[in-house]
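Undergrad: Which chain is which? The protein sequence lines are U and E, in order. As numbered in my numbering, the first sequence has no gaps in its residue numbers, which increase by one up to the final residue, 453. As numbered in my numbering, the second sequence has no gaps in its residue numbers, which increase by one up to the final residue, 626.
Worth flagging that the hints you see were computed from the coordinates, not collected in a lab. Treat the hints with care, as some may be off.
Unchecked claim - In silico EDC-like cross-links for lysine to aspartate or glutamate, where the CA-CA straight-line distance does not exceed 20 angstroms:
id, chain 1, residue 1, chain 2, residue 2
1, U, 236, E, 176
2, E, 532, E, 571
3, E, 196, E, 176
4, E, 412, E, 468
5, U, 236, E, 255
6, U, 236, E, 234
7, U, 220, U, 183
8, U, 220, E, 255
9, E, 548, E, 521
10, U, 221, E, 282
11, E, 89, E, 495
12, U, 221, E, 281
13, U, 220, E, 288
14, E, 76, U, 420
15, U, 283, E, 372
16, U, 236, E, 183
17, U, 236, E, 187
18, U, 348, E, 364
19, U, 221, E, 252
20, U, 220, E, 233
21, E, 217, E, 254
22, U, 236, E, 521
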Amino acid sequence: MTLKQPQLTRRNMLRGMGVSLALPWMESLSSASSLTRLSSQPDAPPLRMGFVFVPNGVHLQDWTPKTEGFGFELPYILEPLQAVKDDLLVLSGLTHDKGRANGDGAGDHARSASVFLTGAQPRKTAGSNIRSGISVDQAAAQAVGRATKFASIELGCERGRGAGNCDSGYSCAYSSNIAWAGESTPVGKETNPRAVFERLFGGDSPAQVEKGYARRQAMKKSVLDFITEDTRRLQKQLGGNDQQKLEEYLNGVREIERRLESNDKIAASNGEFEYNGPDGEPKDYREHLRLMADMMVLAFQSDTTRIATYMFANAGSNRNYRNIEVPDGHHDLSHHGGNAEKLAKIRKINRFHVEQLAYLLGRLKSIREGESTLLDNSMIVYGSGLSDGNRHNNENLPVLMAGSGRGSITTGRHLRFPEETPMCNLFMSMLDRMGAPVDFIGDSTGKLHGLEV
Amino acid sequence: MRTMTACLTVFISASFVSANDVPAPITEHGFKKQAVPMFEMYCADCHQGDAAEGGFDLDQYAEGSQIQTEFETWEKVLRVVTERQMPPKDADQPSEVELQELRAILQAELATFDCEANARPGRVTLRRLNRAEYNNTVRDLLGVDYRPADEFPSDDVGNGFDNIGDVLVIPPLLMEKYLAAAEQIVERTFANEELKQKILVHKAEGEGEELLEAVRKNIDGFASRAFRRPATDEELTRLLALMVNAYQQGAEPEEAFKLGMQAVLASPHFIFRVELDPTEEDADGIRELNGYEIASRLSYFLWSSMPDEELFSLAKSGELTHPTTIQDQVRRMLADPKSKALTENFAGQWLQLRNLTQISPNPEQFPSFNADLRAAMRMETELFFESILHENRSILDFLTADFSHVNETLAKHYGLEGIKGNEFRRVSLNTDRRGVLTQASILLITSNPTRTSPVKRGKWILDNILGEPPPPPPEGVEDLVEAEQALGSLRERMEEHRENESCAVCHRKMDTLGFGLENFDVIGSWRNTDGKFAIDASGTLPGAISFKTPVELMELLAERKSQEFSRCLTEKMLTYALGRGLESYDRCAVNVILAELQEKGYRFRGLIEAIAISEPFLKREGKGKP
Chain U
1 MTLKQPQLTR RNMLRGMGVS LALPWMESLS SASSLTRLSS QPDAPPLRMG FVFVPNGVHL
61 QDWTPKTEGF GFELPYILEP LQAVKDDLLV LSGLTHDKGR ANGDGAGDHA RSASVFLTGA
121 QPRKTAGSNI RSGISVDQAA AQAVGRATKF ASIELGCERG RGAGNCDSGY SCAYSSNIAW
181 AGESTPVGKE TNPRAVFERL FGGDSPAQVE KGYARRQAMK KSVLDFITED TRRLQKQLGG
241 NDQQKLEEYL NGVREIERRL ESNDKIAASN GEFEYNGPDG EPKDYREHLR LMADMMVLAF
301 QSDTTRIATY MFANAGSNRN YRNIEVPDGH HDLSHHGGNA EKLAKIRKIN RFHVEQLAYL
361 LGRLKSIREG ESTLLDNSMI VYGSGLSDGN RHNNENLPVL MAGSGRGSIT TGRHLRFPEE
421 TPMCNLFMSM LDRMGAPVDF IGDSTGKLHG LEV
Chain E
1 MRTMTACLTV FISASFVSAN DVPAPITEHG FKKQAVPMFE MYCADCHQGD AAEGGFDLDQ
61 YAEGSQIQTE FETWEKVLRV VTERQMPPKD ADQPSEVELQ ELRAILQAEL ATFDCEANAR
121 PGRVTLRRLN RAEYNNTVRD LLGVDYRPAD EFPSDDVGNG FDNIGDVLVI PPLLMEKYLA
181 AAEQIVERTF ANEELKQKIL VHKAEGEGEE LLEAVRKNID GFASRAFRRP ATDEELTRLL
241 ALMVNAYQQG AEPEEAFKLG MQAVLASPHF IFRVELDPTE EDADGIRELN GYEIASRLSY
301 FLWSSMPDEE LFSLAKSGEL THPTTIQDQV RRMLADPKSK ALTENFAGQW LQLRNLTQIS
361 PNPEQFPSFN ADLRAAMRME TELFFESILH ENRSILDFLT ADFSHVNETL AKHYGLEGIK
421 GNEFRRVSLN TDRRGVLTQA SILLITSNPT RTSPVKRGKW ILDNILGEPP PPPPEGVEDL
481 VEAEQALGSL RERMEEHREN ESCAVCHRKM DTLGFGLENF DVIGSWRNTD GKFAIDASGT
541 LPGAISFKTP VELMELLAER KSQEFSRCLT EKMLTYALGR GLESYDRCAV NVILAELQEK
601 GYRFRGLIEA IAISEPFLKR EGKGKP
């Protein structure tokens with residue numbers, strides 16, 4: 001481990017990166033044809049999928065464009081997206097019905113995160129038998145994630161809460177995770193950009209690869225075999241929920257085995273990596289958000305993964321936004337009761353978040369992949385599992401999608417879907433494009449029509 | 001459902017409505033014949049059918065209370081009814097006589113809960129070590145100064161704690177970290193000659209068989225501590241094969257041994273706390289834990305770490321299954337510095353001190369707040385907890401102790417004079433504060449960044465002190481909670497809660513408790529006014545008990561609510577000790593613990609010892625138990 005790196009600012013590090021990052025697919029081979037819709041050419045840049053979650057809903061009046069179709073004007077909250085406006089879809093009218101109480105009472109915040117990518121009604125429990133459903137990113141990761149070193153990455157800027165209840169009888173697991181590998185397995189997120197970096201790129205150096213590489217790989221493999229055998233024996237002795245835990249453990253082992261097998265080519269592609277990576281978790285929230293965005297961009301750019309989720313903050317987050325002169329807690333404010341002063345602050349927070357999204361999208365757009373950009377080859381969904389933080393409603397959610405999905409999506413528009421259109425229908429359409437079609441996910445009723453003209 | 005309602009209506013008019021001056025004697029079928037009609041009359045409007053309020057659907061209880069599974073429900077019904085929180089004020093009220101009758105019936109019903117018939121120790125789901133436990137275990141296993149779990153993803157919290165088996169999942173990211181940590185831990189251990197020699201105890205003079213024998217003994221010594229029970233022959237054989245194989249492929253002997261250690265540290269037997277299920281030979285599908293399992297239960301409860309040599313040796317001899325030995329060990333373990341873990345992990349979560357780091361009051365309003373003050377707040381409450389633990393004080397001191405621990409920073413904050421320097425020392429409090437609820441840490445974590453929240457404070461007390469967590473607000477009213485700022489003092493604004501009966505049911509109590517602490521601002525400083533409004537900290541709790549100041553409120557809680565508090569603390573600590581949420585049947589164990597606690601004069605150690613010899617702590621049921 002090389003934790004004692006010289007201090008590097010984000011700017012420096014990015015400058016360093018642009019020149020030294022070895023691209024996994026050959027720039028020279030790609031051509032205009034890579035923009036062809038859902039190109040099957042092996043040399044075309046791959047399609048990526050990202051999801052960004054923001055808590056507590058938004059002030060919808062300043063979010064929703066007044067007109068539909070092309071040529072809409074960006075409302076106050078979305079203004080920071082001017083530079084990528086033509087790469088955007090504003091999606092109005094999508095609903096997460098399973099974020100509603102449906103008989104489970106309060107706990108909208110916890111539900112808003114757990115439902116965000118799953119579309120599944122979380123089981124109301126403080127501890128035993130947590131249940132949600134598989135999330136769209138994990139559905140994609142399990143189907144096509146084998147193509148890359150990491151099937152998916154999970155990022156965030158707030159650790160899970162260390163104590164207490166998170167929301168009205170829901171385990172904190174529901175509030176602090178949006179990715180679910182299965183109905184009872186939330187996929188924890190990494191909040192330290194340094195740790196993300198080490199994980200993504202901290203593989204063996206070329207020198208290490210040379211020296212006894214094969215033997216070391218074999219030894220690693222033998223450890224995995226040993227613990228797999230341990231687990232199999234235990235599985236015969238234990239029952240009930242214990243089996244579930246052992247299965248989670250085994251899944252982790254298999255994932256690592258797979259990575260070990262594909263490690264040769266990974267090690268090779270990491271060879272030219274000169275950048276030292278970020279220093280830990282920055283104190284400044286904006287900096288933290290941007291560093292994490294950088295990690296997502298890097299992971300996509302290097303094709304270390306094609307699937308990422310990113311929680312700007314946990315559901316119901318009550319953090320303050322003093323950096324933009326909003327000293328109040330976000331959750332506290334979101335119960336604005338129509339108060340104009342509070343609404344003004346909410347708007348500011350919403351816009352601040354969108355500014356960070358604009359940063360992420362700008363970075364993706366700045367990276368060329370043949371004739372296209374990384375943003376062109378992505379589908380980035382941004383939104384909240386609640387519509388209005390005051391009303392706690394789950395219809396007409398604030399949702400954006402950026403990137404044309406390798407030309408399969410006609411961006412630059414504001415689309416309004418019929419009331420109660422499941423958000424999961426969007427996921428169906430995205431999974432198709434990822435080459436990971438499913439019969440349904442969450443409460444989907446079909447695919448979303450009209451993403452392309 | 002309709003049919004039943006109709007029948008009951010007839011039934012009521014026939015036999016019940018003619019209530020006279022004395023409560024009717026309770027008959028054998030008191031619940032069905034006397035209580036059900038009363039529910040039908042006063043409660044069914046809201047509590048019946050699919051849309052029953054609060055999920056309390058009387059249709060389920062038409063034939064009986066189902067006390068063996070629904071104990072908690074009826075305990076709650078008894079509480080809200082006798083405190084006249086229910087029915088709501090705007091609904092028809094039972095007469096005082098009816099109320100007494102209902103109370104007697106429900107108490108009789110609760111008393112029928114059969115602990116013998118349903119003796120169930122429960123089943124803890126296979127628990128992986130959480131971050132604190134992992135770090136501590138590595139420290140005690142190898143003596144290496146390294147905290148690998150600081151890099152692990154956060155452990156999710158369930159039932160208020162981060163050691164709950166069901167909630168501790170293993171995402172692939174964590175598995176990766178385990179393997180990387182295993183490698184690092186071994187490297188760091190072997191980099192230190194002294195630590196390395198503690199592992200490589202057995203030396204071989206020659207090679208071949210003799211060398212193998214030494215290797216086998218060394219890995220046995222290590223694995224048997226890492227697995228917290230003797231390694232089996234089968235395990236040792238496989239470990240040896242792993243090491244021999246590496247050696248044959250060209251690894252140096254030391255490298256091969258390190259690989260064996262890595263395999264041990266990545267094994268599910270290290271990562272998880274394995275307890276085997278009962279077999280067919282165990283009566284009633286319940287088995288008594290063996291000495292090694294008890295050793296781990298004790299050590300992870302009190303130290304958040306692995307057992308030490310003494311525990312292992314008592315496990316081996318079988319003595320650790322005796323209650324007296326266990327109690328002796330509890331005393332010994334609490335005296336060990338490792339019991340600091342109980343403060344960090346139990347108190348840190350019960351009192352939610354861990355959330356302190358996430359709260360930043362608005363610096364413009366609270367310029368005196370800084371990192372030092374935040375750290376001092378936490379330290380105060382930790383030292384306070386430890387003084388009650390180590391001096392074996394009454395747990396009621398949590399509510400009414402007239403002492404605390406401060407350094408200069410905190411003394412200034414509290415307006416105490418003559419305290420200089422960074423060192424904490426015990427002080428007597430002035431008349432403003434008593435007990436933990438008036439400590440700045442708790443007051444801060446129950447506030448918003450810009451203002452106090454009596455609702456949060458009241459709810460916190462109900463959740464963590466009285467064990468009466470209020471139900472979540474009904475759907476669609478959240479925006480009323482803590483309404484407009486411009487309409488008057490916070491207290492006047494909050495009156496809205498009480499005007500609306502569906503809110504008042506819970507808020508009457510919650511807000512009253514919270515307003516009792518209004519003399520303390522966001523960061524826990526004393527104040528007499530909030531903006532232009534004078535603070536009124538007086539209040540009246542259900543049962544017509546009134547208080548005027550925060551200190552009076554604390555005394556009142558200690559006096560009138562000692563049972564509730566003892567039960568609450570017992571349940572929290574038992575949850576933490578077991579690593580699972582409590583079930584209805586656990587109340588039997590809780591009652592036994594409470595009786596012992598009471599017998600020992602509410603001494604804190606009495607509580608811990610009673611938990612350590614309780615049935616759920618020492619036994620385990622199989623998956624087949626209904």
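Undergrad: Please go over all the hints and tell whether each is borne out by the structure.
TA: Outcome of the hint check:
1. U:236 with E:176: At roughly 25 angstroms apart (the allowed maximum being 20 angstroms), residue 176 (chain E) and residue 236 (chain U) break the hint.
2. E:532 with E:571: violated (42 angstroms)
3. E:196 with E:176: Violated - the C-alpha atoms of residue 176 (chain E) and residue 196 (chain E) are around 25 angstroms apart, more than 20 angstroms.
4. E:412 with E:468: violated (35 angstroms)
5. U:236 with E:255: Not OK: residue 236 (chain U) and residue 255 (chain E) at ~32 angstroms, beyond 20 angstroms, violated.
6. U:236 with E:234: holds (15 angstroms)
7. U:220 with U:183: violated (30 angstroms)
8. U:220 with E:255: With a Cα-Cα distance of about 12 angstroms, the restraint between residue 220 (chain U) and residue 255 (chain E) holds, given a limit of 20 angstroms.
9. E:548 with E:521: holds (17 angstroms)
10. U:221 with E:282: Between residue 221 (chain U) and residue 282 (chain E) the Cα gap is close to 39 angstroms, so the pair fails against 20 angstroms, i.e. violated.
11. E:89 with E:495: holds (15 angstroms)
12. U:221 with E:281: violated (39 angstroms)
13. U:220 with E:288: Violated. Residue 220 (chain U) to residue 288 (chain E) sits at ~38 angstroms, over the 20 angstroms cutoff.
14. E:76 with U:420: Violated, at roughly 38 angstroms.
15. U:283 with E:372: holds (17 angstroms)
16. U:236 with E:183: Distance of about 28 angstroms is beyond 20 angstroms: violated.
17. U:236 with E:187: violated (33 angstroms)
18. U:348 with E:364: holds (19 angstroms)
19. U:221 with E:252: Distance ~17 angstroms between residue 221 (chain U) and residue 252 (chain E) Cα, so the pair holds.
20. U:220 with E:233: Answer violated: residue 220 (chain U) to residue 233 (chain E) is near 23 angstroms, above 20 angstroms.
21. E:217 with E:254: holds (15 angstroms)
22. U:236 with E:521: violated (57 angstroms)
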